[in-house]
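Student: Here the structure of chain F is known, so what remains is to put chain Y in place on it, guided by the hints.
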Amino acid sequence: MATQAPTPADSSRRSAFEKEALVHLDALYRVALRLTGNASDADDLVQETMLKAYRSWDQYQPGTNAKGWLLTILRNSFINEYRRRTRHPETVDVDTIEPFAVFNDIQEEDPQGAFFDKIVDDEVLRAIDGLPEAFRETVVLSDVEGMSYQEIGKILGIPVGTVKSRLFRARQMLQGKLYDYAVGNGYIKGRKP
Amino acid sequence: MKCRECIEHLYEYLDRELTPAVETEIRDHLAHCPPCGTKFDFEAAFKKFVQAKSRAQGCPPELKQRILRELFDE
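Taken in order, these protein sequences are the chains called F and Y. Residue numbers 1 to 193, in the working numbering, belong to the letters of the first sequence in order. Residue numbers 194 to 267, in the working numbering, belong to the letters of the second sequence in order.
Derived from the structure by calculation, the hints contain no laboratory data. Watch out, some of these pointers could steer you wrong.
[Stated by the list, open to error] Only pairs whose alpha carbons sit at most 30 angstroms apart, straight line, appear in this in silico DSSO-like list of lysine-lysine:
(1) F/Lys52 - F/Lys67
(2) Y/Lys257 - F/Lys19
(3) Y/Lys257 - Y/Lys241
(4) F/Lys177 - F/Lys164
(5) F/Lys118 - Y/Lys241
(6) F/Lys67 - Y/Lys240
(7) F/Lys177 - F/Lys118
(8) F/Lys118 - F/Lys154
(9) F/Lys118 - F/Lys189
(10) F/Lys154 - F/Lys19
(11) F/Lys118 - Y/Lys195
(12) F/Lys189 - Y/Lys241
(13) F/Lys19 - Y/Lys241
(14) F/Lys189 - Y/Lys240
(15) F/Lys52 - Y/Lys257
(16) Y/Lys241 - F/Lys177
(17) F/Lys52 - Y/Lys195
(18) Y/Lys257 - F/Lys177
(19) Y/Lys241 - F/Lys154
(20) F/Lys52 - Y/Lys241
(21) F/Lys19 - Y/Lys195
(22) Y/Lys195 - F/Lys67
(23) F/Lys118 - F/Lys164
(24) F/Lys164 - Y/Lys257
(25) F/Lys154 - F/Lys67
(26) F/Lys189 - F/Lys52
(27) F/Lys154 - F/Lys189
(28) F/Lys164 - F/Lys67
(29) Y/Lys257 - F/Lys67
(30) Y/Lys195 - Y/Lys240
(31) F/Lys189 - Y/Lys257
[Stated by the list, open to error] Stretch-level coverage of chain Y by chain F, calculated; a stretch enters the list once three of its residues show a Cβ under 8 angstroms from a Cβ in chain F:
(32) 211-224
(33) 242-256
[Stated by the list, open to error] One side only, chain F facing chain Y, incomplete, derived with CB under 7 angstroms:
(34) Arg30
(35) Met50
(36) Ile97
(37) Phe116
(38) Val124
(39) Phe168
Note that the coordinates shown come from a computational prediction; the quantities given were computed from them, not determined experimentally. Think of the CB as a built atom: it goes at the ideal place given N, C-alpha and C, for glycine as much as any other residue.
Here chain F stands alone, though its shape is the one from the complex:
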């Protein structure tokens, strides 16, 4: 049997989806990679997200925040279907974070943070991946994807105040990890023993 030709409604649905949803594929993929920790699960998660989004495209209000809508679908799918399978090292004790410790240690040697430029991309991603999930997803949505506190709160289902405090601790943890890496590699001398 021959496949039916697309109706005008099909093609307008498709072009709206292409214009508003498919443009966010890169962002969805980056977030999926950080959530799952591996490319194969990230591939599946993004594909599944897009299929679900296209099926429920009628529930999306045109012109509203498509990126946030898609990321909410992606995160829910991750929690329901992937989280159990993926294992991230969660070794940081978040209660021991000392605020602005890195800046306090480095302000005389490298107050502009020039040592950052010596750190390669992979090391930064590894440091992000080493954060506990709640902090990892918050910092990725903010620093990598540039979303507002309110958008992040909506996607994660948490109040804006929680977004703020997670972001604060996530950035301090990330700095601490990258600082230790930079000291270990001799990019900076670091704190005196």
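Tutor: Frame of chain F, contents of chain Y only:
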């Protein structure tokens, strides 16, 4: 604005989450307070650095093709 209040707003300032009035107060404080200025510059550099290093990745073209095929039966 005092240093303590200014530092409390550090990330909200860098993330553009404050009202224009509070932003102006902070900017004025930073212009006259080198210690806070240095701290803000350092945190701003770090935020920019994380973004620059982690945005290089994007959706692989093969995955995009697979999704298009799946969605639109191409």
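Student: Holds or violated: lysine 164 of chain F with lysine 67 of chain F, Cα cutoff 30 angstroms?
Tutor: 20 angstroms, holds
Student: Decide if the proposed pair is consistent with the structure: lysine 52 of chain F and lysine 67 of chain F, CA atoms, cutoff 30 angstroms inclusive.
Tutor: Holds - the C-alpha atoms of lysine 67 of chain F and lysine 52 of chain F are around 14 angstroms apart, at most 30 angstroms.
Student: Take a quick look at whether lysine 154 of chain F and lysine 19 of chain F sit within 30 angstroms of each other, Cα to Cα.
Tutor: Since the Cα atoms of lysine 154 of chain F and lysine 19 of chain F sit roughly 23 angstroms apart, the hinted pair holds (cutoff 30 angstroms).
Student: Is the hinted pair lysine 177 of chain F and lysine 118 of chain F satisfied, with a Cα-Cα distance of at most 30 angstroms?
Tutor: Holds. Lysine 177 of chain F to lysine 118 of chain F sits at ~14 angstroms (cutoff 30 angstroms).
Student: Against the 30 angstroms threshold, does the CA-CA distance of lysine 67 of chain F and lysine 240 of chain Y hold or violate the hint?
Tutor: 21 angstroms, holds
Student: Between lysine 241 of chain Y and lysine 177 of chain F, is the straight-line Cα distance small enough, at 30 angstroms or below?
Tutor: 17 angstroms, holds
Student: Would you check the hint for lysine 52 of chain F and lysine 241 of chain Y, treating anything up to 30 angstroms between C-alpha atoms as holding?
Tutor: 33 angstroms, violated
Student: Closer than 8 angstroms Cβ to Cβ for three or more residues is the test here. Does the segment 242-256 of chain Y pass it with chain F?
Tutor: Coverage by chain F holds for the segment 242-256 of chain Y (12 residues, Cβ < 8 angstroms).
Student: Would the pair lysine 154 of chain F and lysine 67 of chain F pass a check requiring their Cα atoms to be no farther apart than 30 angstroms?
Tutor: 12 angstroms, holds
Student: Just to be careful, I want the Cα atoms of lysine 52 of chain F and lysine 195 of chain Y compared with a cutoff of 30 angstroms; is the pair within it?
Tutor: Given pair lysine 52 of chain F, lysine 195 of chain Y is violated - Cα atoms ~50 angstroms apart, limit 30 angstroms.
Student: With a cut-off of 30 angstroms on the C-alpha distance, tell me whether lysine 19 of chain F and lysine 241 of chain Y pass.
Tutor: 28 angstroms, holds
Student: Take the shortest C-beta to C-beta distance between phenylalanine 116 of chain F and chain Y; is it under 7 angstroms?
Tutor: 4 angstroms, holds
Going down the numbered hints, you'll see the structure goes against 8, 11, 17, 18, 20, 21, 22, 24, 26, 27, 31, 32, 36, while the others check out.
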